[in-house]
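Chemist: If you want the building blocks of each chain, they are given just below.
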Amino acid sequence: MPRPQYVNLVCPHCGHKWLEPTATLLAAEVVVYRGEQTVKRRVRCPNCDKDVIVDVPKEWLDHV
Amino acid sequence: MSKEPALNPDLYPTLPTAKPSAQEDALARWFATQRTQSIDNLEGAARQIITLCTTLLTVLLGLAALTAETLPSYMSAALIRWLSMVGVLALFVALGSALLVVLPGATWVKLNDPADLAAAYDKLLAYKNTGLTIAVVVFGTAMLCLTGVILGALWMV
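Just so you know, the sequences run in chain order A and B. Take the first sequence: its letters are residues 1 to 64, numbered as in this note's numbering. Take the second sequence: its letters are residues 1 to 157, numbered as in this note's numbering.
Please note: incorrect hints may appear among the correct ones.
To be verified - Derived contacts from chain B toward chain A, CB cut-off under 7 Å, selection only:
id, residue
1, 7
2, 9
3, 12
4, 13
5, 14
6, 15
7, 16
8, 17
9, 18
10, 19
11, 20
Unchecked claim - Straight-line distance between alpha carbons at most 27 Å, and here's what the computed BS3-like set of lysine-lysine pairs gives:
id, chain 1, residue 1, chain 2, residue 2
12, B, 19, A, 40
13, B, 110, A, 50
14, B, 19, A, 58
15, A, 50, A, 17
16, B, 19, A, 17
17, A, 40, A, 58
18, A, 40, A, 50
19, A, 17, A, 40
20, B, 123, B, 110
21, A, 58, A, 17
By construction, these hints were calculated from the structure, which means they are not laboratory data. Think of the CB as a built atom: it goes at the ideal place given N, C-alpha and C, for glycine as much as any other residue.
Isolated chain A (complex conformation):
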């Protein structure tokens, strides 16, 4: 799957849906262990301001 410019996220706390820029999601450095297909990223829901864990496909990291 090619890396899109934005991704849809749904807050598991309040159900709020928003579009997050993929570049922002992948901005920080990350260590990916061999065999893992996704990496976890922490973002903040713009509605309830609580932290949300997002599973990002590993292949998107190659495009950063």
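With the hints as your guide, set chain B onto chain A.
Modeler: For chain B alone, coordinates are given in the frame of chain A:
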């Protein structure tokens, strides 16, 4: 300032999301506090190095028996003399570097400027980190020298 056009969510994929686990939350909180506690931790480590350096200097100088009337037989070996000299020098250098880490100094910051605060903090952190790294590496060298002196002394006694 240009206004961003409204985005159509249907054009973009939806990624799975989850609530952070208790462990993930605890780790995030711990690392967030480390960000501001780093300087305290570095200074704590430097104080530990200072204590160890002064203790090991006492041990090394005791082994070298510099104040004794006659030097111990093992001090006639050139290798042990060299190791003692390098060890004492390294301990003093490590002590000096560690003291620089805890040396009080004035830092001028604008309290209402977050960028200035962050820059001043990063500068302090880099300075203390460099000092402590030098102290630890040189202290490690001194430990090796001291080990050599002790082993040599035991061998020759």
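Chemist: All hints are to be evaluated individually against the structure, with a verdict given for each.
Modeler: Hints, verified against the model:
1. Of the supplied interface hints, the one on residue 7 (chain B) holds, with its beta-carbon coming within about 5 Å of a beta-carbon of chain A, less than 7 Å.
2. Taken as an interface hint, residue 9 (chain B) checks out: its beta carbon lies about 5 Å from the nearest beta carbon of chain A, inside 7 Å.
3. The criterion of a C-beta within 7 Å of any C-beta in chain A is met by residue 12 (chain B), whose closest approach is roughly 5 Å, and the hint holds.
4. Evaluation of the residue 13 (chain B) hint against chain A yields a held restraint, the C-beta minimum of about 6 Å falling below 7 Å.
5. Satisfaction of the interface hint for residue 14 (chain B) is found here, the shortest Cβ-Cβ separation to chain A being roughly 4 Å, below the 7 Å cut-off.
6. At its closest, the beta carbon of residue 15 (chain B) sits 5 Å from a beta carbon of chain A; the interface hint therefore holds under the 7 Å criterion.
7. Restraint check, residue 16 (chain B) versus chain A: the minimum CB separation of about 5 Å is within 7 Å; hint holds.
8. Interface hint status for residue 17 (chain B): upheld, as the beta-carbon distance to the closest one in chain A is roughly 5 Å, under 7 Å.
9. With a cut of 7 Å, the hint placing residue 18 (chain B) at the interface with chain A holds, because the nearest CB-to-CB distance is about 5 Å.
10. Interface hint status for residue 19 (chain B): upheld, as the beta-carbon distance to the closest one in chain A is roughly 5 Å, under 7 Å.
11. Using the Cβ-Cβ criterion of 7 Å, the hint placing residue 20 (chain B) at the interface with chain A is satisfied: the shortest such distance is roughly 5 Å.
12. Taking the CA atoms of residue 19 (chain B) and residue 40 (chain A), the gap is about 12 Å. The hint holds against a cut of 27 Å.
13. With a C-alpha separation of about 31 Å, the suggested pairing of residue 110 (chain B) with residue 50 (chain A) is violated against the 27 Å cut-off.
14. As the CA atoms of residue 19 (chain B) and residue 58 (chain A) are separated by approximately 20 Å, the hinted pair is consistent with the 27 Å bound.
15. Pair hint residue 50 (chain A) plus residue 17 (chain A) holds up; C-alpha atoms about 13 Å apart against a cutoff of 27 Å.
16. Our distance criterion of 27 Å between C-alpha atoms is met by residue 19 (chain B) and residue 17 (chain A), whose separation comes to about 14 Å.
17. Between residue 40 (chain A) and residue 58 (chain A), the direct Cα distance comes to roughly 9 Å. Compliance with the 27 Å bound is thereby established for this hinted pair.
18. Annotation: proposed proximity of residue 40 (chain A) to residue 50 (chain A) holds, straight-line Cα distance about 16 Å (limit 27 Å).
19. The suggested pairing of residue 17 (chain A) with residue 40 (chain A) holds, with an alpha-carbon distance near 18 Å, which does not exceed 27 Å.
20. For the hint pairing residue 123 (chain B) with residue 110 (chain B), the CA-to-CA distance comes to about 15 Å; that is within 27 Å, so the pair holds.
21. This hinted pair checks out: residue 58 (chain A) and residue 17 (chain A) have alpha carbons roughly 23 Å apart, not beyond 27 Å.
In summary, the one numbered hint that this structure violates is 13.
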